[in-house]
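**Q** Letter by letter, the sequence shown follows residues 1 to 985 of the working numbering.
One thing to keep in mind: the hints can contain errors.
[To be verified] Only pairs whose alpha carbons sit at most 25 Å apart, straight line, appear in this in silico DSS-like list of lysine-lysine: (1) K782 x K792; (2) K616 x K865; (3) K875 x K865; (4) K429 x K510; (5) K865 x K120; (6) K510 x K792; (7) K120 x K498; (8) K306 x K126; (9) K429 x K486; (10) K79 x K120; (11) K699 x K194; (12) K306 x K355; (13) K194 x K120.
Since the hints were made in silico from the structure, they are not lab data.
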Amino acid sequence: MTLQTQLKKWMTRLLVLAAILAALTLFFNRGGNESGAGGRPEHGGTELTLDRPASLVNLSTQPGKSISYVQYLSDHDGKGRPDHEITIPAADYSRAEGGEFRRLEAYEGHPGTSLFTGEKGEVEWKVHVEEEGLYNLSLLYYPVEGKSSSIERSIRIDGEVPFQEAAYLQFDRIWDNAKDGIDQDNQGNDLRPKQIERPAWTTAVLKDADGYITEPLLFYFEEGEHTVSLTAAREPMVIGELKLFQQEIPPTYAELHRQYEAEGIRRTEGALLAIQGEDAVAKSSPTLYPLSERSSPSVSPYSASKVRINTIGGFNWRLPGQWIEWELDVPESGLYKIAFKSQQNFVRGMYSTRKLTIDGKVPFEEMNHVAFRFKNGYRMDVLGGDEPYLFRLEQGKHVLRLEASLGEFAPLIHEVEDSLLNLNAMYRKILMITGTNPDEFRDYRVEQRIPELLEAFRYESGRLKAVAARLVELSGQSGDQEALLKTMALQLDEMIEKPDTIPRRLEAYKTNTGGLGTWLQQAREQPLEIDALYVASADAKLPKSGMGAADKVKHEASTFFSSFFIDYNNIGNVTDEKNQRSITVWIGSGRDQANTIKAMIDETFTPETGINVNLKLVNMGTLLPATLSGQGPEVAMQIGNDLPVNFAMRNAAADLTQFPDFESVAARFRDSALVPYRYRSGVYALPETQTFNMMFFRKDVLEELGLEVPKTWDDVASLLAVLNKNHMQFGLPVVAQAPDQWTTLPPNSMYAALLMQSGGQFYRNNDRESDLDSKIGLEAFKQWTEYYTDYKLEREYDFANRFRTGQMPIGISDYTTYNQLSVFAPEIRGVWGFAPVPGTVQADGTIDRTVPSGGSAVLMLDDAKDKDAAWEFLKWWTSDATQTNFGREMEGLMGAAARYPTANIKALDSLPWPVADYENLKSQFEWVQGIPEVPGGYSTGRHLFNAFYRAVISGIEPREALMDSVQYIHDEIRTKQAEFGELQE
């Protein structure tokens, strides 16, 4: 081989290697062309200047709601803003009713008298206004101990809510890490710091809780006497004073910079102050706990194999109004630049916005809207970009706050929400004419029967196009954020061009408006993760934001090899052989829940009892095989209602009544919660959660139709006649098949309610026979199936989406749907509610509202090595304090959508429900009954489902359909009784 040939081969190899390295570099640094935060803002751009048609002026102002804030300001356009302050001492109230109120002297360091206000009731003050105009309003308050959620109030001026946004005012609690340092488990992993309240007197300027209005709210007062009242919706608070005043408007940076030069404020030199993101001193929510970032080697502290707490924020820090504070200890007075080592790989096509304050004030106008643009990985975001903004800081300690804000996107998102309300209103009007399944060969002439329809579509199409164009201008790129808006606008244009096709396009129209609702929810989310922040002199060199491709390859290799030696099923501390007493607990839910439970175990259970717990996150489908093979745990958590009795009949579950203090533990729950876990004379599990049905209704739609919330099934029949006439639907609990043959299908909750309300039962003869063939059982089945044969109700549907559009303005669903709607459908907040389900009128005239319950349980296995230790764990886990703390932790960790439906009576009382809604929930809870589990009982739900389909789909007479199925249930119960030696001749 010649030298030339060898050189060619080596050159080829080098070129290939260079290409691979280049590809790796591009892969690991993708997104790097996007600009970061703090660049100089570009002013101007497309403005939304569409003229709203006269026919649409009040379309989105729903029945029962005040005008919008935008309309309120328009009504008071040209009014002055007097430079005058009016202070109202809280203790000088003129009226207080409906709740707990008491005066407090020198409370928590506040001079003078303050006023305690409970979680419900209304308090009113009189105020004399000397000069007419628009005023900001602030509240000095102290967040006293409550249920760990934000405080909610509504405000009335002269007895009226002035605008919609004034009906939902939110006041934050203050949270911090319970300890200064970070604890570790015995595997060397950092533990997530527990969040606790650190209440303090706080002045809050009233603002829009949804974040659509980024400036403090203005209230109009004429000259003379007025009343101002606050109505409690959730959580208590102590009020020091109210104040009418003018919020100071910050100068622009250019104006402030000229002021620096005029005063001779000098730049500091050589100073560099670094603060780790996880060292935040205060947050507005317990969800803003420090995080562990394991996907990047650029964070500090870093470990490829161990869990390290090294960042804060992330997806948890996404909702407008959430804030985090850090303390700065400035070495000398002067001018400094500020930078953040951050990651914003959450929002593409938009950017995350933050409002920055120092010691409670916005330093200059540009800090009201600090943009953090999309980029994969961490980067150094210097405020001001290449020409950094300089901040005047005096020597000593300061508090820097970043608050999530919708920024320049706020008016755009608000426009889309208003558009969605209008489009849904039009959908309901079309629905009243065509129904959900229009005849494609019929000309409904909807554009003539709804005169404002095409005008509304034309206006909304133009509005959505303008919003989409402005989104592109703000973000600097096209993306999926504006694509959905354009799709909706295009469909509206086509419907305008060919009105006769509107009925045929109705399903696609509904799909697109549902997508618009999802867009609305996602657009409000502004996540940002902070690794560190830096306060530095203008000449100081900041640390590098990340690491090179080689470091990232090393990180991936290290984490890969570490995975061979780390058991990710183990959560937290793992018991070693030296520990004398320990139990193994399996949990089948998510890792977040498991981490929270393990942290609580290590904080309270193990120190109090000396019992160590090995908590394992497993697939609960393996529980029975593992138990039969002797490899199971001592305790299994969060299992279905059908498992305890199935294990008990096989002598695999421990009878908890053997423990002397069982009755006192059982008193924590309603009797209905224990029913599914009773077998023979024993109880084989304790309830963790208990759920049941409530009736959800749209206040605005029912008001439009002139309907009231039904109290009985006779009322429902009358309501169905009106709904059917208007092609709307009533939602009964979904009739669905089990997802697979191994999943036990519980009896349908609607049939169970009708059966129980009439005094029926599922089993007779000591639970040895099905009682569904009784007279009551057959009549309840006939009534249930007639809702589908006579009224043509839907068997399977997406309740949340149909409820959101108003197509299904009333329905019965599990009460946890409340959590979903609170988060999933923010645009209909305030226009829906829930109430107890309709009932059956009894002979004495009373109404029976009985509903069945579902839930989950915690089970002790019969072959547990240390049953006393396992019992101690069950008692601790189901205790009032533990269930309350877990419920609050989960809501703090994952938000309102994760509100925990605990079965513990006192713990449920302690969870942060709005007062009025919780009173409805409690009234229904009094009627809850459990469905017993029996050998062979798994066949009840399955054969009841089969009977339903034979009656509704095949047209078989209901009595005959059910009688056939009951025979199968009898046979299955007898077979299991014979198998387990219980068959009595």
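**Q** Under the criterion that the straight-line Cα-Cα distance not exceed 25 Å, is the pair K79, K120 satisfied?
**A** Outside the cut-off at roughly 34 Å; violated.
**Q** Keeping to a limit of 25 Å between CA atoms, is the pair of K875 and K865 held or broken?
**A** 17 Å, holds
**Q** K510 and K792 were given as a pair; does the straight-line alpha-carbon distance stay at or below 25 Å?
**A** 20 Å, holds
**Q** Holds or violated: are the alpha carbons of K194 and K120 at most 25 Å from each other?
**A** This hinted pair is violated, its Cα atoms lying about 29 Å apart.
**Q** Is K429 close enough to K486, meaning Cα to Cα at most 25 Å?
**A** 23 Å, holds
**Q** Quickly compare the C-alpha distance for K616 and K865 to 25 Å and report which way the hint goes.
**A** Roughly 17 Å separates the two Cα atoms, so the pair holds.
**Q** Keeping to a limit of 25 Å between CA atoms, is the pair of K865 and K120 held or broken?
**A** 50 Å, violated
**Q** Sort out whether K126 lies within 25 Å of K306, counting only the CA atoms.
**A** Given pair K306, K126 is violated - Cα atoms ~60 Å apart, limit 25 Å.
**Q** Regarding the pair K782 and K792, is the alpha-carbon distance no greater than 25 Å?
**A** This hinted pair holds, its Cα atoms lying about 14 Å apart.
**Q** Has the given pair, K429 with K510, been kept, meaning a C-alpha gap of at most 25 Å?
**A** Given that 25 Å is the threshold and the Cα spacing comes to 13 Å, the pair holds.
**Q** Holds or violated: are the alpha carbons of K306 and K355 at most 25 Å from each other?
**A** 34 Å, violated
**Q** Just to be careful, I want the Cα atoms of K699 and K194 compared with a cutoff of 25 Å; is the pair within it?
**A** At roughly 40 Å apart (the allowed maximum being 25 Å), K194 and K699 break the hint.
Checked against the numbered hints above, the structure breaks hints 5, 7, 8, 10, 11, 12, 13 and satisfies the rest.
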